[in-house]
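Student: Chain residues, written in single-letter form:
Protein chains: 2
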Amino acid sequence: MASLKTSILRRFQSTFTSKPIPSKTHFHAPIPDSAFPKGYVLTGIHAGVKKKAGVPDLGIILSTSPRPASAAACFTRNAFKAAPVVVSQQVLEKSQGRVRAVVVNSGCANAVTGKQGMEDAWAMVSATDALLEPVPQKNETMVMSTGVIGQNLPIQKILTGIASQSPKTPGNTSTLGSSFEAWELAARAFMTTDTFPKLRARTFSINGKEYRLAGMDKGAGMIHPNMGPPSGQLHATLLGCILTDAAVSPRSLQSALTYAVDRSFNSISVDGDMSTNDTILVLANGAAAEGAQEIDEKTDPASFDVFKQELTNFAIDLAKLVVRDGEGATKFVTVSVNGATSYEDAHKIASRISTSALVKTALYGEDANWGRILAATGSIPLATPLDPSRVSVSFIPTDGTVPLRLLVNGEPEKVNEARATEIISSEDLEIQVELGLGNESAKYWTCDFSYEYVRINGDYRT
Amino acid sequence: MASLKTSILRRFQSTFTSKPIPSKTHFHAPIPDSAFPKGYVLTGIHAGVKKKAGVPDLGIILSTSPRPASAAACFTRNAFKAAPVVVSQQVLEKSQGRVRAVVVNSGCANAVTGKQGMEDAWAMVSATDALLEPVPQKNETMVMSTGVIGQNLPIQKILTGIASQSPKTPGNTSTLGSSFEAWELAARAFMTTDTFPKLRARTFSINGKEYRLAGMDKGAGMIHPNMGPPSGQLHATLLGCILTDAAVSPRSLQSALTYAVDRSFNSISVDGDMSTNDTILVLANGAAAEGAQEIDEKTDPASFDVFKQELTNFAIDLAKLVVRDGEGATKFVTVSVNGATSYEDAHKIASRISTSALVKTALYGEDANWGRILAATGSIPLATPLDPSRVSVSFIPTDGTVPLRLLVNGEPEKVNEARATEIISSEDLEIQVELGLGNESAKYWTCDFSYEYVRINGDYRT
Numbered sequence: 001m002a003s004l005k006t007s008i009l010r011r012f013q014s015t016f017t018s019k020p021i022p023s024k025t026h027f028h029a030p031i032p033d034s035a036f037p038k039g040y041v042l043t044g045i046h047a048g049v050k051k052k053a054g055v056p057d058l059g060i061i062l063s064t065s066p067r068p069a070s071a072a073a074c075f076t077r078n079a080f081k082a083a084p085v086v087v088s089q090q091v092l093e094k095s096q097g098r099v100r101a102v103v104v105n106s107g108c109a110n111a112v113t114g115k116q117g118m119e120d121a122w123a124m125v126s127a128t129d130a131l132l133e134p135v136p137q138k139n140e141t142m143v144m145s146t147g148v149i150g151q152n153l154p155i156q157k158i159l160t161g162i163a164s165q166s167p168k169t170p171g172n173t174s175t176l177g178s179s180f181e182a183w184e185l186a187a188r189a190f191m192t193t194d195t196f197p198k199l200r201a202r203t204f205s206i207n208g209k210e211y212r213l214a215g216m217d218k219g220a221g222m223i224h225p226n227m228g229p230p231s232g233q234l235h236a237t238l239l240g241c242i243l244t245d246a247a248v249s250p251r252s253l254q255s256a257l258t259y260a261v262d263r264s265f266n267s268i269s270v271d272g273d274m275s276t277n278d279t280i281l282v283l284a285n286g287a288a289a290e291g292a293q294e295i296d297e298k299t300d301p302a303s304f305d306v307f308k309q310e311l312t313n314f315a316i317d318l319a320k321l322v323v324r325d326g327e328g329a330t331k332f333v334t335v336s337v338n339g340a341t342s343y344e345d346a347h348k349i350a351s352r353i354s355t356s357a358l359v360k361t362a363l364y365g366e367d368a369n370w371g372r373i374l375a376a377t378g379s380i381p382l383a384t385p386l387d388p389s390r391v392s393v394s395f396i397p398t399d400g401t402v403p404l405r406l407l408v409n410g411e412p413e414k415v416n417e418a419r420a421t422e423i424i425s426s427e428d429l430e431i432q433v434e435l436g437l438g439n440e441s442a443k444y445w446t447c448d449f450s451y452e453y454v455r456i457n458g459d460y461r462t
Numbered sequence: 001m002a003s004l005k006t007s008i009l010r011r012f013q014s015t016f017t018s019k020p021i022p023s024k025t026h027f028h029a030p031i032p033d034s035a036f037p038k039g040y041v042l043t044g045i046h047a048g049v050k051k052k053a054g055v056p057d058l059g060i061i062l063s064t065s066p067r068p069a070s071a072a073a074c075f076t077r078n079a080f081k082a083a084p085v086v087v088s089q090q091v092l093e094k095s096q097g098r099v100r101a102v103v104v105n106s107g108c109a110n111a112v113t114g115k116q117g118m119e120d121a122w123a124m125v126s127a128t129d130a131l132l133e134p135v136p137q138k139n140e141t142m143v144m145s146t147g148v149i150g151q152n153l154p155i156q157k158i159l160t161g162i163a164s165q166s167p168k169t170p171g172n173t174s175t176l177g178s179s180f181e182a183w184e185l186a187a188r189a190f191m192t193t194d195t196f197p198k199l200r201a202r203t204f205s206i207n208g209k210e211y212r213l214a215g216m217d218k219g220a221g222m223i224h225p226n227m228g229p230p231s232g233q234l235h236a237t238l239l240g241c242i243l244t245d246a247a248v249s250p251r252s253l254q255s256a257l258t259y260a261v262d263r264s265f266n267s268i269s270v271d272g273d274m275s276t277n278d279t280i281l282v283l284a285n286g287a288a289a290e291g292a293q294e295i296d297e298k299t300d301p302a303s304f305d306v307f308k309q310e311l312t313n314f315a316i317d318l319a320k321l322v323v324r325d326g327e328g329a330t331k332f333v334t335v336s337v338n339g340a341t342s343y344e345d346a347h348k349i350a351s352r353i354s355t356s357a358l359v360k361t362a363l364y365g366e367d368a369n370w371g372r373i374l375a376a377t378g379s380i381p382l383a384t385p386l387d388p389s390r391v392s393v394s395f396i397p398t399d400g401t402v403p404l405r406l407l408v409n410g411e412p413e414k415v416n417e418a419r420a421t422e423i424i425s426s427e428d429l430e431i432q433v434e435l436g437l438g439n440e441s442a443k444y445w446t447c448d449f450s451y452e453y454v455r456i457n458g459d460y461r462t
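Those protein sequence lines, which keep their order, are chains A and B. Those letters in the first sequence? Residues 1 to 462, per the working numbering, in order. Those letters in the second sequence? Residues 1 to 462, per the working numbering, in order.
Rather than coming from a laboratory, the hints here were simulated on the basis of the structure. Keep in mind the model is a prediction, meaning the values are calculated, not measured. Please note that a few of the clues may not be correct.
[Said to hold, decoys possible] Okay, derived cross-link-like pairs now, DSSO-like style, lysine-lysine, Cα gap no bigger than 30 Å in a straight line:
| id | chain 1 | residue 1 | chain 2 | residue 2 |
| --- | --- | --- | --- | --- |
| 1 | A | K94 | A | K157 |
| 2 | A | K414 | B | K157 |
| 3 | B | K52 | A | K52 |
| 4 | A | K414 | B | K115 |
| 5 | B | K52 | A | K414 |
[Unchecked claim] Pairwise CB distance ranges (calculated):
| id | chain 1 | residue 1 | chain 2 | residue 2 | range |
| --- | --- | --- | --- | --- | --- |
| 6 | A | E413 | B | P301 | 35 to 43 Å |
| 7 | A | E413 | B | A53 | 25 to 33 Å |
| 8 | B | T384 | A | N313 | 44 to 52 Å |
| 9 | B | P30 | A | S342 | 54 to 62 Å |
| 10 | B | G171 | A | R390 | 47 to 55 Å |
| 11 | A | G436 | B | E344 | 29 to 37 Å |
| 12 | A | A35 | B | V402 | 53 to 61 Å |
| 13 | B | K94 | A | G436 | 26 to 34 Å |
| 14 | A | Q90 | B | H26 | 51 to 59 Å |
Positions of the beta carbon are idealized from the N, C-alpha and C atoms, including for glycine.
Next comes chain A alone, as it looks inside the complex (with noise of 0.2 Å):
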């Protein structure tokens, strides 16, 4: 009997032969110095809070313009607030937005740390705080931590780290710079799970004028954000550090971060979990052109929509640097959902296809099972019911063949099975489901769900 083969199978099949997972390597590669926004040090060094040495678990970033850079920011929205996050907020709100520095460990998430956890984050604020020329100035730092939850930090062994990025300290080892060595040793200080170091930089003009853009990511599970500005309740561990040497006032800043997020990194998963620490931080120093006015959203809209729609499309490509590095990933897929009446009522149906263990793992065993994207399409309540007779799902191929329609307002195709698997068996793959309701659309990005994700979550502590 089936069951019984079923059963057999399940209780003594003990190995598992897994399609090698894709090196995901080629993603980091060198950037020039020239292409890194002005006005930044940075570093990234062995604290000790991993215990392998040598492994950059402690990143330091300084901006040098003489004034301070705007700051924005987007958190978790989990009730667990790591203390970092709460931390970071308060910073915001003490600064009005006018922050100087960034410092961020891997290896230790510092989140449900009670007391000792908020301690810890403020003596990492205050140290690097101290590290700041020509005049320090207090909560002018912006904290982040990444790793395990509920252990406390090795406190003394990160600020001894900080103070040796001091030209005070005596016998300092600072290795703080700006070349494209340094920005990649802060990214590698964010890294955990991650398989590379996610940095981009990209440049830019209004009116004529440049400007660069600079960032890194980190995250390759407990992904699936859902981040808001500090106002907003707090949820999601991602992690988030985009520089600019544009001048932008501090509103016009979170306005336009809050806007990237919900396209870009709130609309990325890995696992469907929620992080306590998922943080995205955005620093504009202005050092493209001292004294120049700032960027506004009310004195100068269409300088500010260039700046948006820039920061925008920058956040999509580091988002998607996380989902590419999705723990155990093999494919990357993007899942888009049209004709929807509402935003919101897409990307609800995008994030839940995208969170199916049934589509992933079938995505993993390229089968294109795509009934599954059916159940988890109508599996979610909306504000406009679905209409199943004007629903429609077809795989997209990224190499620009003929797209396969699975089903068509409703009634299912006679699908070439090998077709099918032609396309799902390639590494990047596009699911397209059309509701047939309305205009608004909106793009998820996810990965699929193997052996090795299993394994790897399985003994991340040990």
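Guided by the hints, dock chain B onto chain A, whose structure is given.
Tutor: Leaving out everything else, chain B in the frame of chain A:
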């Protein structure tokens, strides 16, 4: 570097040694014929929906009681309702809650099969109606299907199989009966990836009069039901059929079932994916006492409450069997959320913890990574926001030994890792979350996430 190490592992590690999946077959045992409700004949035969010869894939249940049985059902709320779900709902309406038969097939879900699917489901109803004695009536059969989505039924094979059970068919090979063997065959006809038939019976009494309940269900994957009464918008593949020889009015039978399903089948999860077919049916034929008055919520609330509670406890037993047999499951985990201000909030949190990929992989890895439980708990919006300083989390061993407190009022305990690992290493385990906000609580039943789950669902159709 850790990241490099991970990278190498993830690129080249290609085999895994999994823990042996414990056999679940001892959860199926013989039941005395006398324990089954009176007035039903059943069978399970191989009609040819499944490839493998001899595997039951068609189940038939007939009530032989002179009067039609009262019927009630809860159906999936998925927007893509499978044809048998739509048809069974219409049968309930047309028959005004009075039916005499149930027909079920496994191997093909007849879901997302368009017009042909509806015709096929109706054909199964008519063919089974024709088996009813003494006088066949139209629309007295409820139909259920489970298996692959998006494929049409081999309807001729199914109709031939149904007809083979009719005494009128020349050379018929009817195997309909009322012995344990007949009930077991019917239960086997429900199975897909189940490793054992799920069949239970219990006797209860109201006012000194004895009644019997018996039922069967199936489901091992795509298990995260959300079922409502026919009136409700439809969602959920879990199939279940509960039969009793008590006499209960259709309206009261539905009321009791809706209450029971919310606290049983709607409180289990294997993989968080809702099916298009989930259906739980109840038939009450009154055969225990022909002509006896029907139990009714309005006219005899005391008797009704006894029946409702018996039905609920019985439904919980059947629901737990599905989790126990979850695809690739090595553990049976009870998630209890207490101290909520509403059942809905408690149920939402229990559901989120029970579906967290990170919690489930940690359970498989027997890693007491309780921080993931916290992250899941805090990740969903609630009617009453959480106060982290009031939240406590404990592991409750099922061997009666002392519970292990992990977090107390938001502060982590110094956890005895050895003890935590000891508890998490047992096959059965309870995770208890105390919110400290109110007096409402909810329970959820889930399993772990293993290599086998990925294997089973990576090639379900092949």
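Student: Please go over all the hints and tell whether each is borne out by the structure.
Tutor: Hints, verified against the model:
1. A/K94 with A/K157: Since the Cα atoms of A/K94 and A/K157 sit roughly 27 Å apart, the hinted pair holds (cutoff 30 Å).
2. A/K414 with B/K157: 22 Å, holds
3. B/K52 with A/K52: 53 Å, violated
4. A/K414 with B/K115: 15 Å, holds
5. B/K52 with A/K414: Holds, because 25 Å separates the two Cα atoms, which is no more than 30 Å.
6. A/E413 with B/P301: 35 to 43 Å: 54 Å, violated
7. A/E413 with B/A53: 25 to 33 Å: Cβ of A/E413 to Cβ of B/A53: about 31 Å, so the range 25 to 33 Å holds.
8. B/T384 with A/N313: 44 to 52 Å: 39 Å, violated
9. B/P30 with A/S342: 54 to 62 Å: With a Cβ separation near 56 Å, B/P30 and A/S342 satisfy 54 to 62 Å, so the hint holds.
10. B/G171 with A/R390: 47 to 55 Å: 48 Å, holds
11. A/G436 with B/E344: 29 to 37 Å: 33 Å, holds
12. A/A35 with B/V402: 53 to 61 Å: Check passed, 60 Å falls within 53 to 61 Å.
13. B/K94 with A/G436: 26 to 34 Å: Given about 31 Å between the Cβ atoms, the range holds.
14. A/Q90 with B/H26: 51 to 59 Å: 57 Å, holds
Hint check: violations occur at hints 3, 6 and 8; the rest are consistent with the structure.
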